[in-house]
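The sequence shown lines up with residues 1 to 96 when you count with our numbering.
Pair by pair, the computed Cβ-Cβ distance ranges are: (1) Leu63 <-> Phe88: 33 to 43 angstroms; (2) Asn73 <-> Arg50: 28 to 38 angstroms; (3) Leu70 <-> Pro43: 31 to 41 angstroms; (4) Gly90 <-> Phe52: 53 to 63 angstroms; (5) Phe88 <-> Ser55: 37 to 47 angstroms; (6) Phe88 <-> Val66: 26 to 36 angstroms; (7) Pro64 <-> Phe88: 30 to 40 angstroms; (8) Lys44 <-> Lys83: 46 to 56 angstroms; (9) Thr82 <-> Lys33: 41 to 51 angstroms; (10) Lys33 <-> Pro64: 19 to 29 angstroms; (11) Glu87 <-> Lys33: 53 to 63 angstroms; (12) Arg61 <-> Gln86: 32 to 42 angstroms; (13) Ser46 <-> Thr84: 48 to 58 angstroms; (14) Arg47 <-> Thr82: 48 to 58 angstroms.
None of these hints come from the bench; they were simulated from the model.
Here the structure is a predicted model, which means the values were calculated and not measured.
Yeah, the Cβ is synthetic: ideal placement off N, Cα and C, and Gly gets one too.
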Amino acid sequence: MLGPTQVRALGRGSNDVVGTHQEIVGSSPKVSKACQEFAGSSPKVSRACREFVGSLSRVIRDLPRVRRELAGNALGVCQKMTKTHQEFTGGYQEDC
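With these hints in hand, go ahead and build the complete structure from the sequences.
See below:
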(Lines of atoms letter the chains of each structure in order from A; the text may use other names.)
(Lines give C-alpha, C1' and ligand atoms only; values in the text may rest on other atoms or scores of the structure.)
Protein backbone atom coordinates (compact mmCIF):
# COMPACT_ATOMS: atom_id res chain seq x y z
CA MET A 1 0.00 0.00 0.00
CA LEU A 2 1.15 3.54 -0.69
CA GLY A 3 2.28 5.81 2.09
CA PRO A 4 0.52 9.17 2.60
CA THR A 5 3.47 11.07 1.09
CA GLN A 6 3.42 8.96 -2.06
CA VAL A 7 -0.33 9.37 -2.44
CA ARG A 8 0.01 13.14 -2.04
CA ALA A 9 2.78 13.06 -4.66
CA LEU A 10 0.19 11.69 -7.06
CA GLY A 11 -2.03 14.66 -6.28
CA ARG A 12 -4.78 12.56 -4.73
CA GLY A 13 -5.82 11.88 -1.19
CA SER A 14 -5.65 8.31 0.04
CA ASN A 15 -9.44 8.18 0.29
CA ASP A 16 -9.70 9.12 -3.40
CA VAL A 17 -7.31 6.38 -4.49
CA VAL A 18 -8.94 3.72 -2.33
CA GLY A 19 -12.42 4.90 -3.35
CA THR A 20 -11.58 4.71 -7.05
CA HIS A 21 -10.14 1.21 -6.66
CA GLN A 22 -13.21 0.05 -4.74
CA GLU A 23 -15.52 1.64 -7.30
CA ILE A 24 -13.83 -0.20 -10.18
CA VAL A 25 -13.72 -3.51 -8.31
CA GLY A 26 -17.35 -3.09 -7.22
CA SER A 27 -18.53 -2.45 -10.76
CA SER A 28 -17.02 -5.66 -12.14
CA PRO A 29 -19.98 -7.93 -11.21
CA LYS A 30 -22.39 -5.31 -12.57
CA VAL A 31 -20.49 -5.21 -15.87
CA SER A 32 -20.42 -9.00 -16.04
CA LYS A 33 -24.18 -9.25 -15.40
CA ALA A 34 -24.90 -6.54 -17.99
CA CYS A 35 -22.82 -8.45 -20.56
CA GLN A 36 -24.67 -11.67 -19.80
CA GLU A 37 -28.05 -9.97 -20.19
CA PHE A 38 -26.96 -8.22 -23.40
CA ALA A 39 -25.41 -11.33 -24.91
CA GLY A 40 -28.57 -13.37 -24.77
CA SER A 41 -28.11 -16.23 -27.20
CA SER A 42 -25.62 -14.63 -29.59
CA PRO A 43 -22.32 -16.56 -29.45
CA LYS A 44 -20.27 -13.70 -30.98
CA VAL A 45 -21.56 -11.09 -28.53
CA SER A 46 -21.24 -13.55 -25.66
CA ARG A 47 -17.59 -14.25 -26.53
CA ALA A 48 -16.84 -10.53 -26.82
CA CYS A 49 -18.41 -9.93 -23.40
CA ARG A 50 -16.38 -12.74 -21.82
CA GLU A 51 -13.19 -11.31 -23.32
CA PHE A 52 -14.09 -7.82 -22.07
CA VAL A 53 -14.85 -9.06 -18.55
CA GLY A 54 -11.61 -11.06 -18.56
CA SER A 55 -9.58 -8.01 -19.56
CA LEU A 56 -11.40 -5.92 -16.95
CA SER A 57 -10.45 -8.51 -14.33
CA ARG A 58 -6.80 -8.24 -15.35
CA VAL A 59 -6.96 -4.43 -15.11
CA ILE A 60 -8.47 -4.66 -11.63
CA ARG A 61 -5.83 -7.18 -10.57
CA ASP A 62 -3.02 -4.90 -11.83
CA LEU A 63 -4.31 -1.66 -10.25
CA PRO A 64 -2.28 -1.92 -7.02
CA ARG A 65 0.94 -2.58 -8.96
CA VAL A 66 0.29 0.31 -11.35
CA ARG A 67 -0.50 2.61 -8.44
CA ARG A 68 2.82 1.69 -6.76
CA GLU A 69 4.71 2.29 -10.01
CA LEU A 70 3.08 5.68 -10.51
CA ALA A 71 3.89 6.70 -6.95
CA GLY A 72 7.49 5.58 -7.38
CA ASN A 73 7.79 7.46 -10.66
CA ALA A 74 6.29 10.61 -9.15
CA LEU A 75 8.73 10.44 -6.25
CA GLY A 76 11.65 9.90 -8.63
CA VAL A 77 10.61 12.85 -10.81
CA CYS A 78 10.31 15.08 -7.74
CA GLN A 79 13.78 14.05 -6.54
CA LYS A 80 15.28 14.63 -10.00
CA MET A 81 13.66 18.07 -10.24
CA THR A 82 15.00 19.01 -6.79
CA LYS A 83 18.51 17.84 -7.73
CA THR A 84 18.40 19.73 -11.04
CA HIS A 85 17.14 22.86 -9.28
CA GLN A 86 19.97 22.64 -6.73
CA GLU A 87 22.54 22.17 -9.50
CA PHE A 88 21.10 25.10 -11.44
CA THR A 89 20.99 27.45 -8.43
CA GLY A 90 24.24 26.27 -6.90
CA GLY A 91 22.45 24.79 -3.91
CA TYR A 92 20.56 28.00 -3.11
CA GLN A 93 17.01 27.29 -2.03
CA GLU A 94 14.27 29.85 -2.15
CA ASP A 95 11.16 29.67 0.02
CA CYS A 96 8.02 29.02 -1.98
